[in-house]
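Engineer: Given these sequences and hints, build the entire structure.
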Amino acid sequence: MGVAIRDILADCKETLTWGDLPGIAAVDAHNALYQFLSIIRQPDGTPLMNGAGRVTSHLSGILFRTVNFLEKGIKPVFVFDGKPPEFKQETIEQRREVRNRANEAWKAALKEGDMEEAYKQASASTRIDRHIIESSHELLDLLGIPVVQAPSEGEAQAAHMVRSGGVTYAVSQDYDSLLFGSPVLVRNLTVSGRRKARGRTITVNPERFVLSSVLDRLGVTREQLIEIGILVGTDFNPGIRGVGGKTALKVVRSGEFESLIAEKQPDFDPGPIREFFQNPPITDDYALEWRTPDVERVVEMLCGRYDFSEDRVRNALTKVSVKATQKTLDAWF
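For the sequence shown, the positions run 1 to 333 when full-length UniProt numbering is used.
Keep in mind that a hint or two might mislead.
DEER-style ranges, computed between Cβ atoms [as the list claims (entries may be wrong)]:
| # | residue 1 | residue 2 | range |
| --- | --- | --- | --- |
| 1 | G242 | V98 | 16 to 22 Å |
| 2 | A124 | G165 | 37 to 43 Å |
| 3 | E258 | P22 | 41 to 47 Å |
| 4 | S212 | E258 | 22 to 28 Å |
| 5 | S259 | G219 | 15 to 21 Å |
| 6 | R96 | E263 | 28 to 34 Å |
| 7 | V98 | K319 | 37 to 43 Å |
| 8 | T221 | K246 | 46 to 52 Å |
For lysine to any residue, the following SDA-like pairs were computed, each having C-alpha atoms within a straight-line distance of at most 25 Å [said to hold, decoys possible]:
| # | residue 1 | residue 2 |
| --- | --- | --- |
| 9 | K319 | C303 |
| 10 | K250 | E14 |
| 11 | K246 | A10 |
| 12 | K83 | V98 |
| 13 | K111 | P47 |
| 14 | K72 | E263 |
| 15 | K72 | R163 |
| 16 | K13 | T292 |
| 17 | K250 | E86 |
| 18 | K250 | A10 |
| 19 | K83 | A262 |
| 20 | K264 | I128 |
| 21 | K246 | I24 |
| 22 | K264 | T247 |
| 23 | K246 | E258 |
| 24 | K246 | E223 |
| 25 | K13 | R222 |
| 26 | K111 | P43 |
| 27 | K120 | K72 |
| 28 | K107 | E93 |
| 29 | K120 | R222 |
| 30 | K246 | E263 |
| 31 | K75 | D294 |
| 32 | K120 | R95 |
| 33 | K319 | L48 |
| 34 | K264 | R274 |
| 35 | K120 | E138 |
| 36 | K120 | E93 |
| 37 | K250 | T292 |
| 38 | K75 | K120 |
| 39 | K72 | T15 |
| 40 | K88 | K264 |
Keep in mind the hints are simulated off the structure, nothing from the lab.
Even for Gly, the Cβ is constructed at its ideal location relative to N, Cα and C.
Structural biologist: Here it is as structure tokens:
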């Protein structure tokens with residue numbers, strides 16, 4: 001879900017081309033997996049699966065998007081979520097209920113033959129389980145892509161990695177990365193290109209947000225940006241009913257954040273959430289090393305166990321693998 005401040009950030013984004021993106025990208029892994037699982041589906045909403053009924057949409061997304069990244073000079077590192085903070089439990093439960101309702105609505109739409117509604121509800125029913133995580137880790141390792149395990153929120157860890165200077169930008173669909181202090185956020189990197197939405201084909205382009213420019217344009221500090229997020233609602237609190245981004249911006253600029261919270265939510269203490277955004281659990285115990293893909297083991301995994309087309313997998317991997325007639329992987333970096 002993230003924080004709903006898109007309306008006040010509309011003038012802060014830079015639309016990019018792939019030529020603007022070479023560098024090291026810290027990808028919010030769970031966010032990317034949700035995108036792959038939501039979008040890579042059959043017309044009736046059914047995810048891609050192997051003959052045994054195991055979901056493979058995420059593996060397709062990881063393989064082909066990672067190859068695309070490497071071709072464009074982007075060195076991805078996937079950052080996985082760790083243990084969520086206690087005050088996120090309510091949001092987690094709410095999301096589980098939403099997915100369950102969407103799953104029932106998907107079944108109903110299929111019975112009625114409404115494929116557009118079925119696809120919509122199926123996407124909303126997306127969930128990440130142990131199989132998704134473990135198979136994603138395995139494929140990324142075979143592709144030679146580094147993985148970082150965050151102690152808590154992946155976006156917080158990615159933001160820290162960018163601030164530390166070893167990573168060029170964070171990649172996520174959610175604006176929380178800015179609240180966590182990422183100097184640069186790139187959106188749409190895992191979903192860019194042409195795809196269908198609401199029955200029509202649209203083009204999705206990457207877009208970049210530079211935190212210093214965002215704060216300057218809005219006329220706020222990072223702490224005030226966090227306050228805006230708290231007012232509209234984050235993954236850790238529901239926000240104040242009826243308060244959107246523009247209203248929250250006015251409230252914070254006028255110094256009325258505390259008084260509005262006291263009036264509308266007298267039993268709510270925003271302090272722990274503010275502190276979590278400013279000083280989240282992070283780690284420096286990671287190494288960023290990219291290796292040549294293990295082609296045969298990738299083929300064994302995807303084709304032998306998950307029924308991928310061997311021609312498609314090998315054709316994709318030839319773009320980044322060591323070949324006598326092609327560049328080595330090192331040349332891409």
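Engineer: Please flag the earlier hints that this structure goes against, numbers listed from lowest up.
Structural biologist: Failing hints, ascending: 8, 14, 16, 17, 19, 20, 21, 27, 29, 35, 37 and 38.
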